[in-house]
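Assemble chain A onto chain S, guided by the hints.
Listed in order, the protein sequences are those of chains S and A.
Going by the working numbering, the first sequence wraps up at 397, each residue one higher than the last.
Going by the working numbering, the second sequence wraps up at 1097, each residue one higher than the last.
Calculated from the structure, these hints are not laboratory results.
Errors might be hidden in some of the hints.
What the hints assert, rightly or not - Below, a list of computed lysine-lysine pairs in the DSS-like style, where the Cα atoms sit at most 25 angstroms apart:
{"no.": "1", "chain 1": "S", "residue 1": "K189", "chain 2": "S", "residue 2": "K381"}
{"no.": "2", "chain 1": "S", "residue 1": "K30", "chain 2": "A", "residue 2": "K1070"}
{"no.": "3", "chain 1": "S", "residue 1": "K381", "chain 2": "S", "residue 2": "K56"}
{"no.": "4", "chain 1": "S", "residue 1": "K30", "chain 2": "A", "residue 2": "K1046"}
{"no.": "5", "chain 1": "S", "residue 1": "K381", "chain 2": "S", "residue 2": "K342"}
{"no.": "6", "chain 1": "S", "residue 1": "K327", "chain 2": "S", "residue 2": "K381"}
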Amino acid sequence: MTSLFRPKKVRFTVVSLIFCSCHNAFADWKDTFQYHGFISQNFVLTSENNFYGDSKDGSLDFTEAGFNVSLRPLSRLGLAAQVLYRRAGELEDEEVRLDYGVLDFTAFETAEIRAGLRLGRVKNPLGLYNETRDVAFTRPSIFLPQSIYFDRTRNFALSSDGGQAYGEYESPIGAFSLRMNVGVPTVDKSLEASMLGRNRPGEFNGNLSYLGQLLYEYQSGLIRLAFTAASARAGYDSGQNDFFSNGDVRFQPYVFSAQYNGERLSLTGEYALRNTRLKHFGPLLPNTAATGESYYVQGTYRLTDEIEMMVRYDVLYQDINDRYGEKYEQRTGRPGSSRFAKDWTVGLRWDITPNWMARAEYHRVHGTGWLADTENPDPQKLDPDWDLFALELSFRF
Amino acid sequence: MSQRSWRDGTPVVVFVLPDSSPIHKEFCKKHLGMFAHQLRQTWDRKVFSGTGQAPETVSTVEEMRTLISKTPGAIGYLPDAEIDRSVRSITIREVTQ
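Bound-form chain A, shown alone:
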């Protein structure tokens, strides 16, 4: 979650919906295995101690889709129904070592 650049060197740019968004809450809980307030705490600690950067907050799913399709190295999340050809959906696998 703290990864800063992709393997090709492109900076990771993370987009999130506001903390109060039900989609954001569901994403945090289901896919990150954490609560939205934990994510907020983690990022605040990084941003205000000089050890990391914050995700970009977008206000709507439309904005999320547009910005991700335009920004190289961007990552975010959308409800399945909102995914179109401008973005790629990726599957999260559990990594076994």
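The following block holds chain S by itself, in its conformation from the complex:
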């Protein structure tokens, strides 16, 4: 208990840690039941191109809501599940899904070390934000940096049906955490659009995939460093009158993350290399392998407890051997500007109360690399220089 919280040297001037004096009664497991939730409504307006609905006319087709429950029936067993509702323009179908549902076994626990296993549908700790990407309160902005957290194929890397082994060690020089996910990714129709151009007669199914993240936190998160590597796979089962044969997709991102959290200033940077390989789709889609590159640098400043400003520069290249899509344009006739994106973002967050939060943000984007074909069916009509403005209102409990 003495090391539960680990400060340097403590003098008890004003505040003292206190502890229940009744040791005889055992806590009722029902007391550990918790529920939480959130709902966010967003407004998106773009000068050109569509993102989250018909945004050129102003779109309200972006809603997120979640509800979760958790319980610790035994000291070594935890249960947690969250249901997520999402409406995202034409990026994906409106849906209610099980976001996660886990049985968490603590195999070993001391004050410094913890190890265990989570079984069920587990979220993938990819980079710093993926696990809670749909919870506005945990994001730095309305839209996460799209170079790494693309909303276009979000579900492919979102969670795994399988398990996660985890180990945590709070050492004298900082906290280390290692997590390994093994399971099947939850894929949906948006993968067809992204890999095969549009919705096809066949269907993608997730194959066994892996993800590992090593995270180091100095002084309870003053500095956070992480490395994530993953290999996500899906197989395509060709349908009737299908142009494509049974193929498979492998997506291997490597993400380096660094964050500094000061009292007022936070700085975050992430860099990712992403290998995508498509195989066996038949003559219309020859085997391809490309490495994409993504990075962003972001600063947030808390003016007061309620008001926070954000600025970010986010860069995406779909292919490091053809960064500006010249070869791609020659080969396909589609604009090269759809192969990269450079996004300057400024934003403002207002925590009106602990439960209500409002945001506004503006993006100036060059390139259309993270826009979806489903929302912009004619690639020739994409405008490479465009602006995006968004508003968000979010409630949590």
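Just chain A now, kept in the frame of chain S:
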């Protein structure tokens, strides 16, 4: 800070004052060595990813004292002047290994 149960198996129940409370801010900074917004981020990440539970927020120091004295395995913090016989004050030592 992520410990879930005490050595005897009793679940750890953590009580905190609201983020805006000066006592909470001081406790975070002095005793946890972190800022209140960091603590909030850490707990939000756990709560909304299925990897942990949130502390119980109480609105006043009186409520904090009452709930801690009534709940087995509970832990929280109070200004020194507010500590009475219903709760035990504990000293935080730096652990050397």
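Which of the numbered hints are not met once you compare them with the structure shown?
none
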